[in-house]
Amino acid sequence: EPEVTQTPSHQVTQMGQEVILRCVPISNHLYFYWYRQILGQKVEFLVSFYNNEISEKSEIFDDQFSVERPDGSNFTLKIRSTKLEDSAMYFCASSPRDRGYEQYFGPGTRLTVT
Amino acid sequence: KNQVEQSPQSLIILEGKNCTLQCNYTVSPFSNLRWYKQDTGRGPVSLTIMTFSENTKSNGRYTATLDADTKQSSLHITASQLSDSASYICVVSAGSGGSYIPTFGRGTSLIVHP
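Residue numbers (the working numbering), protein chains in the order written: chain U, 1 to 114; chain Y, 1 to 114.
What the hints contain is simulated information worked out from the structure, not anything from laboratory work.
C-beta atoms are modelled at their ideal positions from N, C-alpha and C, and glycine is treated no differently.
Please note that the accuracy of each hint is not assured.
Simulated restraints on C-beta separations [to be verified]: (1) Y/111 x U/8: 28 to 34 Å; (2) U/64 x Y/5: 29 to 35 Å; (3) U/39 x Y/1: 20 to 26 Å; (4) Y/111 x U/11: 43 to 49 Å.
DSS-like, lysine-lysine: derived pairs with alpha carbons at most 30 Å apart [what the hints assert, rightly or not]: (5) Y/1 x Y/71; (6) U/83 x Y/1; (7) Y/1 x U/57; (8) Y/1 x U/42; (9) U/78 x U/57; (10) U/78 x Y/1; (11) Y/57 x Y/17; (12) Y/17 x U/83; (13) Y/57 x Y/71; (14) Y/17 x U/42; (15) U/57 x Y/17; (16) U/42 x U/83; (17) Y/1 x Y/57; (18) U/57 x U/42; (19) Y/71 x U/78.
Okay, chain Y solo, but in the shape it has when bound:
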């Protein structure tokens, strides 16, 4: 069964600090891995998308890594801001040819304190 596990479940950091969120997955056949940011009561917003051949992708202060051999990904947030407080969701999709079945992780709840 395809699964995506995220850690930690929640994280509290001070504004300006860096943090790293983890994602482990067992999804086959692997198609792509996405990190989303979800504010409370809102729809997820895509941060990064990585396919099998990519091992790092940056989007501003967000940097995602992918190790397809160990089936692990991380999301590193640099110089955190109060607006980074949200749930960060790792989504891994199986499939190909235009059909992508996503498996969502439970998310890491990040709280940034001033």
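In isolation and in its complexed conformation, chain U is listed as follows:
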């Protein structure tokens, strides 16, 4: 069964550094999402992406965040200058065109900012 994959599984970075989290959505899906989950807290929506542009974003998704679909398979989340409070689990999700609410989540990337 097709699934969303994410790399790396764990990323450690120093405060102020840039990180890029990578996701490969399910191949025939057209909607893509990023979420984060700070340890012990609920999952929070960051951004949704469709037709090569951001369709929705939360107030968390400020100027330090950006997303890109650099080719036909990858979907990336870039954090320009990481802060300690960016430490979290970051989940990518994708959904098919006709069922945008049916989101399939990847296993997540644990980001640790030191």
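Using the hints provided, position chain Y relative to the given structure of chain U.
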């Protein structure tokens, strides 16, 4: 502000027993309600999805109900198994036309003991 409240926060039951988890929401305009199962350190996995017109949906031993008038949902787990130990998250989405802004609950942590 859109909110999703879940109860109880945690629940311990014996293997083979049934249990019911609750979700109350204030999300507008309502689009759909989903229940996810999240194992520790993993991405959420969808159990059920319900739209406004549906008031019950089953997936094996999981049965979700939705009362759109009172804005309440429940997830009933029948004949629990050890593998049911996980966090169960209620997610309510607002929006339409392919754009779905999800609001996550904090989850109910279920522990099934032998």
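Do the hints match the structure? See the list:
{"no.": "1", "hint": "Y/111 x U/8: 28 to 34 Å", "verdict": "holds (30 Å)"}
{"no.": "2", "hint": "U/64 x Y/5: 29 to 35 Å", "verdict": "holds (30 Å)"}
{"no.": "3", "hint": "U/39 x Y/1: 20 to 26 Å", "verdict": "holds (24 Å)"}
{"no.": "4", "hint": "Y/111 x U/11: 43 to 49 Å", "verdict": "violated (30 Å)"}
{"no.": "5", "hint": "Y/1 x Y/71", "verdict": "holds (15 Å)"}
{"no.": "6", "hint": "U/83 x Y/1", "verdict": "holds (27 Å)"}
{"no.": "7", "hint": "Y/1 x U/57", "verdict": "holds (16 Å)"}
{"no.": "8", "hint": "Y/1 x U/42", "verdict": "holds (16 Å)"}
{"no.": "9", "hint": "U/78 x U/57", "verdict": "holds (14 Å)"}
{"no.": "10", "hint": "U/78 x Y/1", "verdict": "holds (28 Å)"}
{"no.": "11", "hint": "Y/57 x Y/17", "verdict": "holds (20 Å)"}
{"no.": "12", "hint": "Y/17 x U/83", "verdict": "violated (45 Å)"}
{"no.": "13", "hint": "Y/57 x Y/71", "verdict": "holds (16 Å)"}
{"no.": "14", "hint": "Y/17 x U/42", "verdict": "holds (27 Å)"}
{"no.": "15", "hint": "U/57 x Y/17", "verdict": "violated (41 Å)"}
{"no.": "16", "hint": "U/42 x U/83", "verdict": "holds (19 Å)"}
{"no.": "17", "hint": "Y/1 x Y/57", "verdict": "holds (27 Å)"}
{"no.": "18", "hint": "U/57 x U/42", "verdict": "holds (17 Å)"}
{"no.": "19", "hint": "Y/71 x U/78", "verdict": "violated (37 Å)"}
Hints 4, 12, 15, 19 from the list above are not met by this structure, while the remaining hints are.
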